[in-house]
Amino acid sequence: MSRLSASISQPCLSTISLQSNADGPTQIFPFMYLGSQQDALDKDKMKNRGITHVVNLSTGCPRSTLITSDENFLRIAVNDSYQEKLSPHFEDAWKFIEKVRTTGGVVLIHCLAGISRSPTLAISYVMRYKNLSSEEAYKLVKEKRPSISPNFNFMGQLLEYEQLLIRKGLLAAEASSKRADRAISFKQDFEAEVCTS
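Using full-length UniProt numbering, the first residue of the sequence shown is number 1, and each one after it goes up by one.
There could be a bad hint or two in this list.
Computed Cβ-Cβ distance ranges for the label pairs, DEER-style [claimed, not checked]:
hint : residue 1 : residue 2 : range
1    : N48       : E174      : 31 to 41 Å
2    : D23       : K130      : 19 to 29 Å
3    : K144      : K47       : 16 to 26 Å
4    : N79       : E160      : 29 to 39 Å
5    : F152      : G104      : 34 to 44 Å
The list that follows gives simulated cross-link-like pairs (lysine to aspartate or glutamate, EDC-like), each with its CA atoms no further than 20 Å apart [unchecked claim]:
hint : residue 1 : residue 2
6    : K144      : D23
7    : K168      : E84
8    : K95       : D70
9    : K99       : E143
10   : K130      : E98
11   : K47       : D23
12   : K130      : D70
13   : K168      : E143
14   : K85       : D70
15   : K130      : E91
16   : K85       : E160
17   : K144      : E160
18   : K47       : D70
19   : K43       : D23
20   : K168      : E98
21   : K142      : D23
22   : K139      : E174
These are calculated hints, taken from the structure and not from any lab test.
C-beta: ideal position from N, C-alpha, C; glycine also.
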């Protein structure tokens, strides 16, 4: 059985070696890292980066033993599927990460591989924190962690979230990815990435 098929059939085995960043979690901001389950279970990498909090986007991946306080851990029990709703969790995650940022902590956002679920959540945070469109936030995270590839369902939820932030006055309408010039550019970039993957 290949490593990939093993990871699909047994998605939370810590011995599975997934192709994520070999150097560990990726720093998005000084207070926020994006990574995989493997990163969350690596005590040295967690300590070296000063990670004090974890957002775990999985239904059963284990919690890091370094995170002993429930106040420092948020599990968002979602699967990486085309039916899963991740956007209802964006607000709770925003509050959790903002508390980490404002109290001087450091958070690791992770799922199994750090490719789809956790990048989607990180992008949603970046949109609101930096007042960026979903396209701009995606590009910011992608530049730092090139392996990200949120599924189409999650990408659609990010576009919907962008419109929600605009309606609530938390994102400038000018930042919208739905502007014709931006939508075409975003679509071309995304399709090019899918074709080369």
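Given the range 34 to 44 Å, decide if the beta-carbon distance of F152 to G104 lies inside it. 37 Å, holds
Restraint status (C-alpha distance of K168 to E143 at most 20 Å): 28 Å, violated
What's the verdict on K47 and D70, does the C-alpha distance respect the 20 Å limit or exceed it? 18 Å, holds
For the hint 29 to 39 Å, verify it against the beta carbon of N79 and that of E160. 19 Å, violated
Holds or violated: are the alpha carbons of K130 and E91 at most 20 Å from each other? 15 Å, holds
Regarding D23 and K130, is the given constraint of 19 to 29 Å on their beta-carbon distance met? Between D23 and K130, where Cβ atoms are some 24 Å apart, the hint holds.
Range first: 16 to 26 Å. Now tell me if the beta carbons of K144 and K47 are that far apart. 21 Å, holds
Restraint status (C-alpha distance of K144 to D23 at most 20 Å): 13 Å, holds
Are K130 and E98 close enough, with their CA atoms no more than 20 Å apart? 12 Å, holds
Are K85 and D70 close enough, with their CA atoms no more than 20 Å apart? 24 Å, violated
Taking only the CA atoms, is the gap from K144 to E160 under or equal to 20 Å? Roughly 24 Å between the alpha carbons, so the hint for K144 and E160 is violated.
So if I understand the rule, the pair passes when the alpha-carbon distance is 20 Å or less; does K130 with D70 pass? Violated, at about 28 Å.
Violated hints, listed in ascending order, are 4, 7, 9, 12, 13, 14 and 17; each of the other numbered hints is respected by the structure.
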